[in-house]
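Heads up: the sequence lines are chains A and B, in that order.
To convert, note that position 52 of the first sequence is 52 in our numbering; the numbers rise steadily by one, no gaps.
To convert, note that position 1 of the second sequence is 1 in our numbering; the numbers rise steadily by one, no gaps.
A portion of the hints provided could be inaccurate.
What the hints assert, rightly or not - Here are the simulated lysine-lysine pairs, DSS-like style, with alpha carbons at most 25 Å apart:
id: 1; chain 1: A; residue 1: K712; chain 2: B; residue 2: K34
id: 2; chain 1: A; residue 1: K690; chain 2: B; residue 2: K34
id: 3; chain 1: A; residue 1: K690; chain 2: B; residue 2: K166
id: 4; chain 1: A; residue 1: K686; chain 2: B; residue 2: K56
id: 5; chain 1: B; residue 1: K166; chain 2: A; residue 2: K745
id: 6; chain 1: A; residue 1: K686; chain 2: B; residue 2: K34
The hints are simulated quantities; they were obtained by calculation from the structure and are not laboratory data.
The primary structure of each chain is shown beneath.
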Amino acid sequence: MMMATDALRAQVAAKWQESFTRLNQNEPGIVGLLNFSQAWNIARECIRPRGLDEPDHSALYDKSTFQASFELLNKCRRLPILLESFLEDMRKRFPVIKEEVERYTLEYERTADTSFILNLIFRLLQWYKRWLPMQELGATLHSAFVLSFQTQLFSALTPTFVRGFKELCASTLPSTDPETDGPAPNVEMWKAFETLGLLDRYENIIASVGYEHIEAHVVATCTGQWSVSMLGQLRKWMTDKVVPWMLLMYARNATSADDARAMLQNVGSRFDFHMAKTLCDLRTKEIFDIIIDYPDSSGALQDLKECLHRVDQRAFLVHTLRKANHKRLLHPGADTRLILSQYVATIKCLRLIDPPGVLLFKVADPVRRYLRGRLDTIRCIVSNLVGDDDSGDSLIDESEPIQPLQQSDLEDFTDPNWEPEPVDAGPDFRANKPSDVISTLVSIYDSKDLFVKELQVLLAQRLLAIADDNTEKVERERRNIEILKIRFGEAALQVCEVMLKDMTDSKRIDGHVQSQKTSIIHPTIISKHFWPILEATEIVMPGQFRTFQEEYTKEFSAFKPDKKLRWLPHLGTVKLELKLKDRTVEADVPPLEAAFIELFSQQDVWNMDELIAHVGSSVDRTAALKALLTWVDMGILKELTEKTFKLLEVAEIVAAGARAPRAVTNSAVELLSAPGVQQQQAEQMKVYWKFIEGMLTNLGSLSIDRIQTMLKLAPGYDQTIEQLGVFMEAARLEELVVVRDGMWKLTPK
Amino acid sequence: MEQVTSSLAPPRAPASSKSGPASSSQSGAGSVAKRLGNELMTLMMSSSPGISAFPKTDSNLFDWMGTIEGASGTVYAGLTFKLSIQFPPNYPYVAPTIKFETPCYHPNVDINTGTICLDILQDKWSAVYSVQTILISLQSLLGEPNNASPLNSDAAALWNNQDAFKVHLMRHYRPLKEDSA
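So that you can see chain B by itself, here it is in the shape it has in the complex (with noise of 0.2 Å):
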């Protein structure tokens, strides 16, 4: 009975894509709702090690939280950083807005806002990309920065010195706390 009762219950699609941000028709963010809980899936059961990225609420698809380890071999080894996620209501024809969490210090974040300099974020957004590339490419840009576009230029400068930067790096870097959610 258990098992009946559950699959007659009424589905909870069309509830959690209510309660998402307005936008211009309820079948629009259905269909919205619908890609990123696709993505959501995908990413799931991939095993790209390192990245990670969940909804921060089940009602609300639109903002989520993500996870990047720093690659072995690079400066940014054995850290983790965590980012936030927001989907626009006209995603993914608009690129979604992600910041990171934990101050990271990068010639192409802004170790204050978190804000991130990635081309893909900006104009070369397109929508066939998806959060999990977008987080391969963050973890990818971590140990590969476009230090030609530094928006932290003190990082930037200190780049080819990784021992220092290493210093600069731990001293801005804190875990956030376990109950972020």
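Only chain A is shown next, with the shape it has when bound in the complex (with noise of 0.2 Å):
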């Protein structure tokens, strides 16, 4: 035990030696330590973290005194021990920085104003300048210190003022106004930050100052403005704005103008990242309304060529593109000819960002899809393609070259310009040729011989109405037949070929006829298997018109006795001169009308009914009704009682100022017949009201288009969807059907 002791005792004594040993440097007696313990203070004094007020060390100690203690501490292995104990005391200080931090921030959050944050960094870059040891001192030391000082620093700083630093740092950008400059770069600013850290720790912070600063006035200059593409300018306005900005954080230390575009690139070519990506966002945001601008929006569609180069962003555009035109073009309330022009469009556009066409096939098929499903998209295609469109322009380009329809044939391996399909291609892409418009609309059917059909009708229609044996407008309908067989073909359009042969061979035959006995009618004699069905009602003219139709085809069939002549006298119109006791009225009239006034010719009042069976009553009562109303609001007839007409020899003494009281007297007589005009056309629609009660009882409710096409099951059905509506409005009036939200039911029992 004693010897432990003894061995411990001598250890420690030997310690102790050996430390006296080095801070006495073998000085005689203790004049070394005490040598040494002056040289500690003065260090310690010297680095001593300080206030700002108090007066500077060098205030106390010549250079050459402090640097000799520190030789001294140096030699004595000391150092380590010093800076312990210096960052200690920096430790104890920091709550006063901290308490300044608080102050500061605490000043800007009351007044919003950034010059106080900017104070605050100036005043803290005092504090770390303060504190900073000596050059002298040696990198240890001087790195120990900024460390310490920073994560202290660091821990210190609030939310508030991470967001007040955000806001110094935006308010240093260059104005959004081109007029004015930007503030005056303030190198001071940026030169504290770096000191301080503040650029490393809040890189991400100063970089989405520079990103919403470009959002930002992309938005506020290129939001609306597609005519012009306005990459090339905003690409102007970084070089002369951001870049410079972007240089004082980037770029101080650099020495040359290549040094700085070295620097720069990176981080440059990240910021014009965003901008296009911006501008593709802003573009992609705006496309359906670019679609309807075009072509006046073809700047703003170059520009989006040029970003989903840059962004890849393509899959975005067209699924924006597709909910916009779900939601804005594909439902009942737009218009077939508006939802073909706005395709028409945007097959032009997406052809010019995409010219493969991928962009394009996915964004066309639900419209494709949803216009197959509409009845009138033939019509309006077929009609546009004659040129028959009373609404404005176009949807064919006049400079488009008229070409025939192109198949959508075979891909052609052996073409030395194939180029494989777009990776983003589905796997039912068509590589369509960039095909001409006309081609892709009718590429919507499946077969052209819809068109061809429909062409037919539409030709009938307008041939049937030409009245006065118009050339001119034959004619026209010849040419248009021509442009359009180099598009279908010579075969397809045959049959409209014998239909406008009929129109000149009806004139030639009308000659021969007049020429053997003159005639006051001139028919216009069609080829039955050629033209398409034609409603046949059967109305036999009375009195003299019959008279006229017998004599004439007594004629025909001498001419052209192989042929046996069928009038359809509703389709034609009658030019009469009605002499009465005091006037003489002059009139184009349908022939129904002109046959009742005939037979007012007989006797003065009529009964309809008698009426309708005197021209054979296969005459509905509501075009009855129509006709004899015609008369009536041209003064000649005049409705007793309902159904019952009186024919007016003399015209019926009217007071002066007659025009607006007759007026009045018309709608009041429409109004007294209305009732009458609904309940014949709900007799004439009690079949159809079968079979709606019928869908209606099985298959729950059902929306009025619903209803329009079920009724396409009913034989001879020809409604119009308005007439269906005032229909089923009359069987609610009659509790028969109840609706809600535009859904038909049955009236629950």
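Each of the two chains sits in its own frame; use the hints to bring them together as a complex.
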């Protein structure tokens, strides 16, 4: 036990001696120790973290004294201890700084004035410089200080400070107003940022300030500006305004322009990418309206094309456009014509953006499917083909050459210019070579036969509507058909050819018949087998009209014995001159009107049912009433009671200022007769009502559109959806059906 | 002009028959569609109380929805049953497939699948029957079940106790939703 204590004592004594010797540095007595103690005090006092108002250490000691002390400590290998105690001192003093940070940020929070943040940063810089140990003390001490200072500083900075910092950075940005110059670059501030280590720590924030600035600028300058390409302008703006700003941050230390460029390259392309992305997003959002504005929006399309090269957002563009189409275009409220013209514009626009057509294919698919489901699509396209468009511009570009329809054929792999399908093409993507718009439209349907049929119907209507053997109009139709032959091929339009020939033949035959025996009727003679089925109402024309018809038929059979003439009087028009007691009235009217008024020459008062019986009783009551009301409107007939009409041989005496009261009586007549008309329609609709009842019983509630399409199952259904709507409304008034949210159903029992 | 326009439009019939199920020949499908069209017309114009049927869509004449109301005086009075009717491409030489869509508690009806056991829908089928005759037969089957060959033996056993039967019937009965179309 004692031995151990001795050994321990000896060990301690040896240690003590060693330490003493090191500190005393072989000086006699304890002189060395005293020297060391003094040097320690001087050194500590020198690097002690001071308050900003305390006198500097240089006031206390001159440089050489300090350096000597430092040397001494180094020799005694006591520098690490000094460093530790310095850092400890700093840690103890730091609350002063923290308190200042809090005070300034609080002030900022209160006033939202970034100058407080700026002042704070300069203040922090002062502290930093104050505490920074002298350069001579070596790199270790310096870096230890920086690390410790920054660590404690960052932990003291509050989220409010970060917000203020961001705002401060933003305030240094060039103004969005191109006229005024941005704030003068505050080089000091950026230096302070760097010294304090804020640049590295808040690099993201500073970059986001730049991004947000770019976004704001793009949105402000480019929204709705589609006529010219904005990209060049934006790039110039970036060079003029944003790059100088970035120089401050990212290339402060550049020694030459090349140096700066090298430093900026990375971050610069990031900013450029962001600009392109922002523009791309904006244009994608606007794409539907851009297409509407085409071709006035070609600038925007050019931009979009370039941006899409830089930013891969093709899928997003497709998605957005499909969504917009679905919401704004493909609904019952949109006119088929509108949908078609938007579709054509979409074709043109997307071909500009993406020549291979992958985008177009993806976007067009729902539109085409929707158009296929619309009943009047073909009619719209065809009427556009023949230039039968009263509503403004045509879908077809005048400049587009007329060429045969292109069938989507198999890929030609021997083509030296063949290219593989683009990577984002779907499996059913057809490499449709840029074909003309008409081919694309016709290809909505599987075959062109539908078009040809519709074309025949349309041509029939137009030919029959030509009055007074207007050769010019027939010639125009012929011209149209010639043009269409180029597209659809000669064979497809043969029927149309026959129809046109009928028109000229009619004229020739009529000429011949007239030369044999003059007649006042000039029929258009059409070949039954080549014309679309025409509505055959069997009006038997009474009186003189019948005589004319019979005489004409006789002459015709003499001229063409192998042919039989069947009259379709309801398709013609009659030019009449009515000689009444006191006046003569001239009128161009449909045959039924003419037939009725002819009957009034036999007796003055007629019941409507009798009138109908005289023209072959196949005339429906609505049509009859309408014909009679035409005469009532002209002041020739007068409705005595419901269904009874009287001829006004002498015009009714009307008071002075006659016009207005007459109009009133007129509408009164219409009002009175209105229920009658509706009743008649309801009678006619009785059959259809059975079908409606049937479908509503079995299928629950249906929309009016659905009812209309389902009624196609009823034979001979020919009402328009508007007429159906009136009818359903009447049924609702009779409490047969109820409607809610546009869905009709039977009144629950 | 409107009148002329619509009457000039090409007839729709080929379009509707085309979309029917695949059949031996175009003309065959056409004639079946025509027959179905006629049956529909007859059914709509005749006013047989409590029975009705209609194609589900205008494009497919081979798929119908039917409705039967229980005859008064039977336990089914006041209840409405929906049926699905599917015509084969070779109709009327083969019977249509008919199932109850509304759960129907009945000796000759499978409560789960809606399958019906009725001789004229199976071996006794004849081409002279029509949708209308089938529906009338089904309506009368409701009130007069064939308890000798039941699909639902529980129901057959319970038939003689009409009150208890009604309780079971109502427990299964669920009117189809309105928007079934």
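Against the structure, the hints come out as follows:
Between A/K712 and B/K34 the alpha-carbon distance is near 13 Å, which keeps this suggested pair within the 25 Å criterion. Taken as a hint, the A/K690 and B/K34 pair is honoured in the structure, with Cα atoms around 19 Å apart against an allowance of 25 Å. Taken as a hint, the A/K690 and B/K166 pair is broken in the structure, with Cα atoms around 33 Å apart against an allowance of 25 Å. Restraint check: the Cα-Cα separation between A/K686 and B/K56 comes to about 21 Å, which is no more than 25 Å; the hinted pair holds.
The hinted pair formed by B/K166 and A/K745 fails the criterion: a straight-line CA distance of about 29 Å is larger than 25 Å. Our distance criterion of 25 Å between C-alpha atoms is met by A/K686 and B/K34, whose separation comes to about 22 Å.
Violated hints, in rising order: 3, 5; the structure is consistent with all others.
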